[in-house]
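In case you want the letters, here they are:
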Amino acid sequence: MSTLPTPSTFPLDAWYAAGWDVDIGRTLLPRTVCGQPMVFYRRFDRVAVALEDACWHRLMPLSKGQLQGDQVVCAYHGLSFDAAGRCTHVPGQDKPPTRAAVRAYPVIEKHRMVWVWPGDPSLADPALVPDLHWADDPEWASEGAHFEMACDYRLVLDNLMDLTHETFVHKSSIGHDAVANTPLKVSHEGRRVRVERWMHDVDAPPFLDMQLRMARGFEKSPNVDRWQIIHFEAPNTIVIDVGVAPTGTGAPQGDRSAGISGRVMNTVTPKGDGSCYYFFAYGRCFALDNRNLTADIRAANIRIFTEDKVVLEEQQRMMDQLPGRKLVDLGIDAGSLWSRRAIAAMIEEERTRAEARRDEATGVAA
Amino acid sequence: MSTLPTPSTFPLDAWYAAGWDVDIGRTLLPRTVCGQPMVFYRRFDRVAVALEDACWHRLMPLSKGQLQGDQVVCAYHGLSFDAAGRCTHVPGQDKPPTRAAVRAYPVIEKHRMVWVWPGDPSLADPALVPDLHWADDPEWASEGAHFEMACDYRLVLDNLMDLTHETFVHKSSIGHDAVANTPLKVSHEGRRVRVERWMHDVDAPPFLDMQLRMARGFEKSPNVDRWQIIHFEAPNTIVIDVGVAPTGTGAPQGDRSAGISGRVMNTVTPKGDGSCYYFFAYGRCFALDNRNLTADIRAANIRIFTEDKVVLEEQQRMMDQLPGRKLVDLGIDAGSLWSRRAIAAMIEEERTRAEARRDEATGVAA
Amino acid sequence: MSTLPTPSTFPLDAWYAAGWDVDIGRTLLPRTVCGQPMVFYRRFDRVAVALEDACWHRLMPLSKGQLQGDQVVCAYHGLSFDAAGRCTHVPGQDKPPTRAAVRAYPVIEKHRMVWVWPGDPSLADPALVPDLHWADDPEWASEGAHFEMACDYRLVLDNLMDLTHETFVHKSSIGHDAVANTPLKVSHEGRRVRVERWMHDVDAPPFLDMQLRMARGFEKSPNVDRWQIIHFEAPNTIVIDVGVAPTGTGAPQGDRSAGISGRVMNTVTPKGDGSCYYFFAYGRCFALDNRNLTADIRAANIRIFTEDKVVLEEQQRMMDQLPGRKLVDLGIDAGSLWSRRAIAAMIEEERTRAEARRDEATGVAA
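Chains as they are written, first to last, in this note's numbering: chain A, 1 to 366; chain B, 1001 to 1366; chain C, 2001 to 2366.
Treat the hints as calculated values from the structure; they're not laboratory data.
Positions of the beta carbon are idealized from the N, C-alpha and C atoms, including for glycine.
Okay, the calculated bits of chain C under chain A, using three or more residues with CB under 8 Å as the criterion: (1) 2163-2172; (2) 2180-2187; (3) 2319-2332.
Between the sequences and the hints, there should be enough to build the whole structure, so can you do that?
Here it is in structure tokens:
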């Protein structure tokens, strides 16, 4: 087992999404999580497994090998590893050395995603998996997708914490002048940040108007009250409660029954510094059986988030070109500011734990 | 405003060509000058503008945004900047912070080129624009072009300061054994270097022979006296007075009336270390209204200078592979040697000014 | 002449293959050997020449120039160099400076290969050329090929020193479970390592079975004794004596007359750190005049070694991603372990010689 690094841009002691449940199966899927090359697969009993993607012997990527039963056989010399990472066979030897193993990472499947814990396994508490329960709630319908992005994962989070950009980046789908012009309410506690924005008596943007008319049977689009309530959970997950209800039907006071709402589910996994996987899905709570609608919404999301991808990769490119330059925070960035602070606090806690472990190991008195 | 770096390979306090006048218009054109990303456009009144190409807020390249009137609107969050770089609008705020601005660079349009000053704006004296007046002199006809080159800008200057290479690199157009075999006269003063070479009683190379016969009506090509008088102006500009006149008509003594001459105009702009923009044009003083001839000469220039581009990029590639190795100077390099000294002197002056400013700022007594 | 570097991954004082004899002719061929750019060609008298591939003047790659008689003319300013690297012509000067020269490397042609010595020329003893005599022995037939590989040259050697991998990497041609399951005998002395493996009473793999039936006229494939005797010669060459003979005909005792054997000839030349040229040929000692068979075997070798190339480049990619991680040695790696030690000893000897030279130069007493 190798010593864990203490990176400065992401915490390791957290659950990160490695894939949607359907992404991981009976093939060997390589993914790099927090700088660590991993190979993912499912055992015969469907349990998902994550091993270090480098053979103990000569570092050959195990993902280039074969899955035989629940074991991975290396493509180079045929060393075999079980789902716990233990080497079970070495060619030319009766028994593998006892220390022969690759690292096996804690994995959990929840909310139709496979989550991996790249940090200290003793801290991998299943209760810490971010809440994306809408993804497998029978009252909601959704289907996920993902991108690989050539940018720091926090740029994706910044983007989601301030929806002002919708007005400029997503003009044709969800953008609206009202988004940029309406003030925010921001609150935070521990790892969580909440940003709320209400736009009153506006016309609904096409994506939500379509849903409202479909779910509630309106022939003509009414003026609406529109909400965006952003829930961030450090270090990687954002759920946005979005919706519209006809103005005057009481949504701001809590009665959403005349409107429709959705959940934009997002979780971002650092691949390394400057690149990440971005997983997303849009949950709706009407016409649950309409698979065409599910596919249409997924496709619309991919179109819209591709607009973000282009912007964020350009932003990263310029940050790389101007390495000394700081990002500036405006009023609209209050949410992102607090989310970055929560992430920084996790990294700092991790650094403190690592130092304590080192002190203990070298016998420094408490 | 960021502090200026003091680079070691090019001076910042100088006018550099950012484009031919026609290159810059009512679109947002990104160009990197001396390591600084800039966006160029024209105001409604046609005045050219250069702003830093990174939004003050989150470094999104402004060149990805929209030009609205004379303002640039950022593609990400819609911040607006006027032609002086001042932020005029921030979404979600009544007024932008007073410090909200991007750097605006001094720009001047002269000799049908747009010039930018990447260094200290207080030193941006319009009188320092390099002399390429033939480009807009009504007695001369020309049309410019440019390349991006994967080499240090000084390799392009070296190449132009020693035309010996014509014999080997441009065999089919302007090359001639006489060029390599004829000695040079070199003189220099301050920022200027002059290299003169006369070849007597030789046959004219095809490119000049074509012009001579066309301008003077010769049926058969006469033997000629041929001249190449190179004028360098540090740090970036070279004009070469080239021409031929029938031998015996007095050109060496100053009477060029029986011959033809042209001006090869060159100015090179460092993009960063190891890359540059190379702007060039060929001015002639006959058949001024013949647009086909102008286009033909421009195309011939592009062909010839592409031969240089191939050579210089190979040279740079090998310099990168052998980083410790020095370039050797031969007799033919006297011009290039003095031009590099003039550039080095400008860089050194700039370093001295920067130190003086630092001393002043920290209260060191004079 | 530049001072020689003392690299840590390959010795310089050794003969390295630059090409098969047919690769080098009357054109200028660039090849980088041990980090040193070289240009190869043949003089009119067919003698092979290696010069530094950077003009003494401005570092233009000489391989971009012209071969005129036995001289190389630089593509940029026409400097000429003879086959000893001496500059014979500089444009604009009567005589080249006496110090004007590029480095000429010791070259020797042997075993149908052109070998170059990138280190101290005074040590370039022709007797040190690795033994690949089967390549031009009239009793043997072969035809060589080569790859450029994006991996450290020692990964290729490791691969050849342990043929266990055949079972997994080359399933369809030469792989066999017996290879992985049969123990090795390893011996070593000085620069040489020998690894021997005998598999008794097994079926022959397709590649050897084809040869056995063809050479000995078997209609049906007999069970065989199969041998692999690997001869390593530091730092770069491996010859594998491979073969099969029908079980019971005495091959293990030394009588191979009922079987067939071949020689897998391999020599690897570091291009730099992390890349190399891999030269290989397969020699057989039957049906020597069958050119189609020679071509077929060469094609089969290219197919098989392409399987290695894929594996080794993946291994290198993962080593680059996990830079701190050590390779582990198993029992099957005994051969590779000793070969790496022999290489390391050569590098260490070279370092010691370099230090002695430095001490001598600075007058340190012995």
